[in-house]
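Q: Using the sequences and the accompanying hints, generate a full structural model.
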Amino acid sequence: GIQVEQSPPDLILQEGANSTLRCNFSDSVNNLQWFHQNPWGQLINLFYIPSGTKQNGRLSATTVATERYSLLYISSSQTTDSGVYFCAVGFNTNAGKSTFGDGTTLTVKP
Amino acid sequence: NAGVTQTPKFQVLKTGQSMTLQCAQDMNHEYMSWYRQDPGMGLRLIHYSVGAGITDQGEVPNGYNVSRSTTEDFPLRLLSAAPSQTSVYFCASRRGTSGSRDTQYFGPGTRLTVL
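From first to last, the protein sequence lines are chains A and B.
At position 98 of the first sequence (counting the first as 1) the number is 98 in our numbering, and the numbers step up by one without a gap.
Just so we're on the same page, our numbering is the position in the second sequence counted from 1, plus 1000.
By construction, these hints were calculated from the structure, which means they are not laboratory data.
These numbers were taken from a predicted model, which means no experiment stands behind them.
For each residue, glycine too, the CB sits at the ideal point set by N, CA and C.
Fair warning: there could be bad hints in the mix.
Claimed, not checked - From chain A, some residues computed to sit far from chain B (all C-beta separations above 12 Å):
id: 1; residue: Gln14
id: 2; residue: Thr20
id: 3; residue: Ser26
id: 4; residue: Gln33
id: 5; residue: Arg68
id: 6; residue: Thr105
id: 7; residue: Leu106
As the list claims (entries may be wrong) - So the derived label-pair ranges between C-beta atoms look like this:
id: 8; chain 1: B; residue 1: Lys1014; chain 2: A; residue 2: Glu67; range: 48 to 58 Å
id: 9; chain 1: A; residue 1: Ser76; chain 2: B; residue 2: Gly1053; range: 43 to 53 Å
id: 10; chain 1: A; residue 1: Gln42; chain 2: B; residue 2: Lys1014; range: 38 to 48 Å
id: 11; chain 1: A; residue 1: Thr53; chain 2: B; residue 2: Thr1005; range: 27 to 37 Å
id: 12; chain 1: A; residue 1: Arg58; chain 2: B; residue 2: Arg1077; range: 36 to 46 Å
id: 13; chain 1: B; residue 1: Gly1040; chain 2: A; residue 2: Thr80; range: 14 to 24 Å
id: 14; chain 1: A; residue 1: Val64; chain 2: B; residue 2: Gly1040; range: 33 to 43 Å
id: 15; chain 1: A; residue 1: Trp40; chain 2: B; residue 2: Glu1059; range: 22 to 32 Å
A: Quick look at the structure:
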């Protein structure tokens, strides 16, 4: 069936370190988003990136649709980066729907 | 713009009670969706709508009803609440499915406890 898998499930960093989060998906996609869920539960849009590369400050993302994965890079991490990072994927076979991965829980220690 | 709004923020129900979770958006988005998030898990799609008068089931639709009479509103009804429906519920909207129109925007969530 349709699957979205994120890795690693948990990540602990010291402030200032860099990290890479991965999202693998099982079928062709027509959209892909990365979200950050902060400790208060709010879901914040990071990137809409069904293909290609985007950057926003210390964050960047790359999606290689032909190889069915996306990467989220966080550089010079800060304690405010802590939370859960989700990728949400819309598959060509299910227009209008999004499937979420189980997320990567990031803890940045001061 | 207020974006996506949800009411109530918190709710406690007894088993068997019914209630409606409200969701509204003021961005004139065609697509709206309801998700639930259980502890330690990602969001799972309950129902979604691609326009007024059009709804469809998601991954976990049992025990929930939806309707979409206007573009702005997409209420979620729990018919007979069960403890398994204890969760955080998120509503989302997006303009469409073409390019950046497909960016989803989420409401703040409703935390529901069923005793």
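Q: Work down the list of hints and note, for each, if the structure agrees.
A: Against the structure, the hints come out as follows:
no.: 1; hint: Gln14; verdict: holds (24 Å)
no.: 2; hint: Thr20; verdict: holds (19 Å)
no.: 3; hint: Ser26; verdict: holds (15 Å)
no.: 4; hint: Gln33; verdict: violated (6 Å)
no.: 5; hint: Arg68; verdict: holds (18 Å)
no.: 6; hint: Thr105; verdict: violated (9 Å)
no.: 7; hint: Leu106; verdict: holds (14 Å)
no.: 8; hint: B:Lys1014 - A:Glu67: 48 to 58 Å; verdict: holds (50 Å)
no.: 9; hint: A:Ser76 - B:Gly1053: 43 to 53 Å; verdict: holds (49 Å)
no.: 10; hint: A:Gln42 - B:Lys1014: 38 to 48 Å; verdict: violated (29 Å)
no.: 11; hint: A:Thr53 - B:Thr1005: 27 to 37 Å; verdict: holds (34 Å)
no.: 12; hint: A:Arg58 - B:Arg1077: 36 to 46 Å; verdict: holds (42 Å)
no.: 13; hint: B:Gly1040 - A:Thr80: 14 to 24 Å; verdict: holds (22 Å)
no.: 14; hint: A:Val64 - B:Gly1040: 33 to 43 Å; verdict: violated (28 Å)
no.: 15; hint: A:Trp40 - B:Glu1059: 22 to 32 Å; verdict: holds (25 Å)
This entry does not satisfy hints 4, 6, 10, 14, going by the numbered hints stated previously.
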